[in-house]
Amino acid sequence: MSNTLTSQHIDIEHIRSQFQVLHQEVNGKPLIYFDNAATNQKPQRVIDALVHHYQNDNANIHRGIHTLAERSTAKFEETRKAAQSFIGANEAEEIIFTKGTSESINLVASSWGRKFLSEGDEVLISAMEHHSNIVPWQMICEEKGAILKVMPINEAGELILSEVEKLITDKTKMVAFNHASNTLGTVNPVKEITAMAHAVGAKVLIDGAQSTSHLEVDVEDLNVDFFAFSAHKMYGPTGLGVLYGKRSVLEKTPPYQGGGEMIKDVSFKGTTYNDIPYKFEAGTPDIANVIAFKEAIDFIQELGKDNIAAYEHELLEYGTEKLSQIDGVRIIGTAQQKVSVISFEVEGIHHFDLGMWLDAKGIAVRTGHHCTQPLMDHFCIEGTARASFSVYNTKAEIDTFIVALKDIITKFK
Amino acid sequence: MSESIQDIQDEIIDEFSMLDGDMEMTISYIMELGERLPEMGEDNKTEDNIVKGCQSKVWLKAGLDEGKVKFEADSNTAITKGLVSLLVRILSDKSPQDIIDADLYFIDKIGLNRFIGTQRSNGFGAMMKQMKIYGLAFSTKTQNA
Numbered sequence: 000m001s002n003t004l005t006s007q008h009i010d011i012e013h014i015r016s017q018f019q020v021l022h023q024e025v026n027g028k029p030l031i032y033f034d035n036a037a038t039n040q041k042p043q044r045v046i047d048a049l050v051h052h053y054q055n056d057n058a059n060i061h062r063g064i065h066t067l068a069e070r071s072t073a074k075f076e077e078t079r080k081a082a083q084s085f086i087g088a089n090e091a092e093e094i095i096f097t098k099g100t101s102e103s104i105n106l107v108a109s110s111w112g113r114k115f116l117s118e119g120d121e122v123l124i125s126a127m128e129h130h131s132n133i134v135p136w137q138m139i140c141e142e143k144g145a146i147l148k149v150m151p152i153n154e155a156g157e158l159i160l161s162e163v164e165k166l167i168t169d170k171t172k173m174v175a176f177n178h179a180s181n182t183l184g185t186v187n188p189v190k191e192i193t194a195m196a197h198a199v200g201a202k203v204l205i206d207g208a209q210s211t212s213h214l215e216v217d218v219e220d221l222n223v224d225f226f227a228f229s230a231h232k233m234y235g236p237t238g239l240g241v242l243y244g245k246r247s248v249l250e251k252t253p254p255y256q257g258g259g260e261m262i263k264d265v266s267f268k269g270t271t272y273n274d275i276p277y278k279f280e281a282g283t284p285d286i287a288n289v290i291a292f293k294e295a296i297d298f299i300q301e302l303g304k305d306n307i308a309a310y311e312h313e314l315l316e317y318g319t320e321k322l323s324q325i326d327g328v329r330i331i332g333t334a335q336q337k338v339s340v341i342s343f344e345v346e347g348i349h350h351f352d353l354g355m356w357l358d359a360k361g362i363a364v365r366t367g368h369h370c371t372q373p374l375m376d377h378f379c380i381e382g383t384a385r386a387s388f389s390v391y392n393t394k395a396e397i398d399t400f401i402v403a404l405k406d407i408i409t410k411f412k
Numbered sequence: 000m001s002e003s004i005q006d007i008q009d010e011i012i013d014e015f016s017m018l019d020g021d022m023e024m025t026i027s028y029i030m031e032l033g034e035r036l037p038e039m040g041e042d043n044k045t046e047d048n049i050v051k052g053c054q055s056k057v058w059l060k061a062g063l064d065e066g067k068v069k070f071e072a073d074s075n076t077a078i079t080k081g082l083v084s085l086l087v088r089i090l091s092d093k094s095p096q097d098i099i100d101a102d103l104y105f106i107d108k109i110g111l112n113r114f115i116g117t118q119r120s121n122g123f124g125a126m127m128k129q130m131k132i133y134g135l136a137f138s139t140k141t142q143n144a
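Chains as they are written, first to last, in numbering that gives the first Met the number 0: chain L, 0 to 412; chain V, 0 to 144.
So that you can see chain L by itself, here it is in the shape it has in the complex:
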């Protein structure tokens, strides 16, 4: 992360003016939206692109020869190219559109896993995975008689690399973990662990749901085999995600679902499959959302990942410092490298009460186990409250949040 860039490079008023949703009152108070790790808000250009598509271009893609079909197809494929360049993939064909990170991971677990996992093989995940990167692997491991192992973390919420090294053996066939933790904010050493995995011939899948809107991602440099992420966590539409896979790996991976688009020829005797990426995109895809997604990518690219990362890091440090000064607040996840996510608990106040109170004051945070129950068990807690920041949040909002939190704490004394 660049230390030379500061918030000077971010024109916060201009950015906020692009998000109408932020300019409203909730329970009589100006909305402060700190639930960005769950989904962040969409700039007007994304919404405009959706409307424009339906008003002007709507047609089914790839097969039609008429003008609207051509136009829609061209725009759809432009997003594929934008996503390719966004994550530094070699070819656009390595970008597969899915419903989201969960489906991307399910695709790999079910298609790659079914072909390449056998009894006694090991799949390695981390202790800080979202259920989406646990359950699909449990399911395929159970089916194939493979063994699921877990990379442990320390009290700060960082992977213990010396233990990871011991767990990666000749039996390891897949190492799947997140780039950044949705609950703790921890940024994981993807490159290092990928090198360890590749040294024993294992493949690597990265859950990038929490990293793509915050961190520079270069899949070629990271050298991962699969990288999964969601549009809606990076200012894009809901219901859409991406699976990146290396061409060499995707070509050997069987199709996920059957249907239109994914075939070359069909007869009742048998079917030959289309080339990548289409062999993984059965049925009519989410055309309008894919087209609008390009605007979200452009929004990030135009602001500049370095600028975003530097600004969000300022928010993270500011929020962490302010929260730490409050008696009875404990921050869960204190890794050296973090994205702008702060999970915390307050002594004597249940996270559910905290979330309800903050909402009454117009502040949206997430409470609960954040779909990471095994991680909650690790910290011996039931859940946390989580504030997560995007590029449109401000230090002034954090100040308001801190005042609100202090007031809430007095109500429980």
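Watch out, some of these pointers could steer you wrong.
What the hints assert, rightly or not - No farther apart than 20 Å at their CA atoms in a straight line, the calculated lysine to any residue pairs in the SDA-like style are these: (1) L/28 to V/21; (2) V/56 to L/370; (3) L/410 to V/28; (4) V/56 to V/66; (5) V/56 to L/379; (6) L/28 to V/19; (7) V/51 to L/373; (8) V/108 to L/394; (9) L/410 to V/44; (10) L/405 to V/142; (11) L/405 to V/22; (12) L/28 to V/22; (13) L/412 to V/28; (14) V/44 to L/381; (15) L/410 to V/46; (16) L/394 to L/258; (17) L/405 to V/25; (18) V/56 to L/394; (19) L/28 to V/23; (20) V/56 to L/347.
As the list claims (entries may be wrong) - Every beta carbon over 10 Å from chain L, so not counted as near; a handful from chain V, in silico: (21) 27; (22) 47; (23) 51; (24) 55; (25) 60; (26) 78; (27) 91; (28) 99; (29) 108; (30) 131; (31) 135.
Claimed, not checked - Per label pair, the in silico range of CB-to-CB distance: (32) L/363 to V/49: 55 to 61 Å; (33) V/113 to L/148: 23 to 29 Å; (34) L/412 to V/140: 40 to 46 Å; (35) V/128 to L/410: 28 to 34 Å; (36) V/140 to L/327: 34 to 40 Å; (37) L/398 to V/43: 42 to 48 Å; (38) V/49 to L/148: 40 to 46 Å; (39) L/134 to V/42: 35 to 41 Å; (40) V/51 to L/38: 56 to 62 Å.
Quick caveat, the hints were computed from the structure, so don't treat them as lab data. Virtual Cβ for every residue (Gly too), placed ideally from N, Cα, C.
Once you've looked at the hints, dock chain V against the given chain L.
Leaving out everything else, chain V in the frame of chain L:
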């Protein structure tokens, strides 16, 4: 003769109407009600008595005394405890049949739908269902006795 389910609901609607829909005042009041809920003994907070919500725990115990169902309840969160106290206030000390027939319209009237809407998160909706199930169970028991 204790007040009817309808009377108590109307009372609650009256009380909440004074809060003017202000969310902070509403939550404060709900918490205050929770604090007034009679203690449930720790030995009754068993796995068997848990009504599961996603984010908060609710314990509910029921017994039959002279044809009336007596509810005891508690929660590990202050707001849910207040909500739970409302249900206990309305449905405790009523006959099984009255509990089965109860139309809990107060929720809508005092703007607590959102607490029901998120029943996944606080166990309030699950608790209402469980109270009705107790009503049904005790009504069968009374008829068979």
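Inset, instruction - Compare the structure with the hints numbered earlier in the document and write down the numbers of the violated ones, lowest to highest. - result: 4, 8, 9, 10, 15, 16, 18, 21, 24, 26, 32, 33, 36, 38, 40
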